[in-house]
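Numbering (the working numbering), first residue to last: 1 to 132.
Rather than coming from a laboratory, the hints here were simulated on the basis of the structure.
Worth double-checking, as some hints may not be accurate.
Under the rule of at most 20 Å between Cα atoms (straight-line distance), these lysine to any residue pairs were calculated in the SDA-like manner [to be verified]:
(1) Lys93 / Arg108
(2) Lys93 / Val81
(3) Lys93 / Val62
(4) Lys93 / Leu48
(5) Lys93 / Glu47
Here are the in silico distance ranges between beta carbons for each label pair [said to hold, decoys possible]:
(6) Val64 / Arg103: 24 to 32 Å
(7) Asp107 / Gln129: 13 to 21 Å
(8) Asp125 / Gly90: 44 to 52 Å
(9) Gln129 / Glu47: 20 to 28 Å
(10) Tyr46 / Asp111: 24 to 32 Å
(11) Ala92 / Gly121: 19 to 27 Å
(12) Trp20 / Glu128: 17 to 25 Å
(13) Gly121 / Glu77: 30 to 38 Å
(14) Arg39 / Gln117: 36 to 44 Å
Even glycine gets a Cβ: it sits at the ideal position worked out from N, Cα and C.
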Amino acid sequence: MRHGRGRGARTRSFVRPGHWRVRARVERFVEPALLLLLRERPMHGYELIERIPEVAGEDVRVDVGNLYRILRALEEEGIVVSEWSAELPGPAKRTYELTEAGRRLLDRWADALRQAQTVVGGFLDRYEQGGR
1 MRHGRGRGAR TRSFVRPGHW RVRARVERFV EPALLLLLRE RPMHGYELIE
51 RIPEVAGEDV RVDVGNLYRI LRALEEEGIV VSEWSAELPG PAKRTYELTE
101 AGRRLLDRWA DALRQAQTVV GGFLDRYEQG GR
């Protein structure tokens, strides 16, 4: 039996006999985090990178290249729009803003996360009951 090599990010890893490191993950959580931040106000990429941990958790880090790939894909789908802004200090920066379609997508993410929260809550309730 293979142990998940080459199958994407793993949620648990072997540390030493009898010990596992487990990470509860919400796949693709960066996308709704970006949408939520952009609902608050337009932002440029580096500001989004700095603020993602506020929404997605302190251990979530996104590299610059991946962030811009996500933003470019969202823009191609009409979820965000961008424009160059020279008003900010330093060199001109591309500023991203959520569109109406982006607001609807964020609403869908919130609904899906509420459903996931219900499932996780049921799991934790059952765990807390301690049955064997």
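Hints broken by the structure, by number, lowest first? 1, 7, 9, 11 and 14
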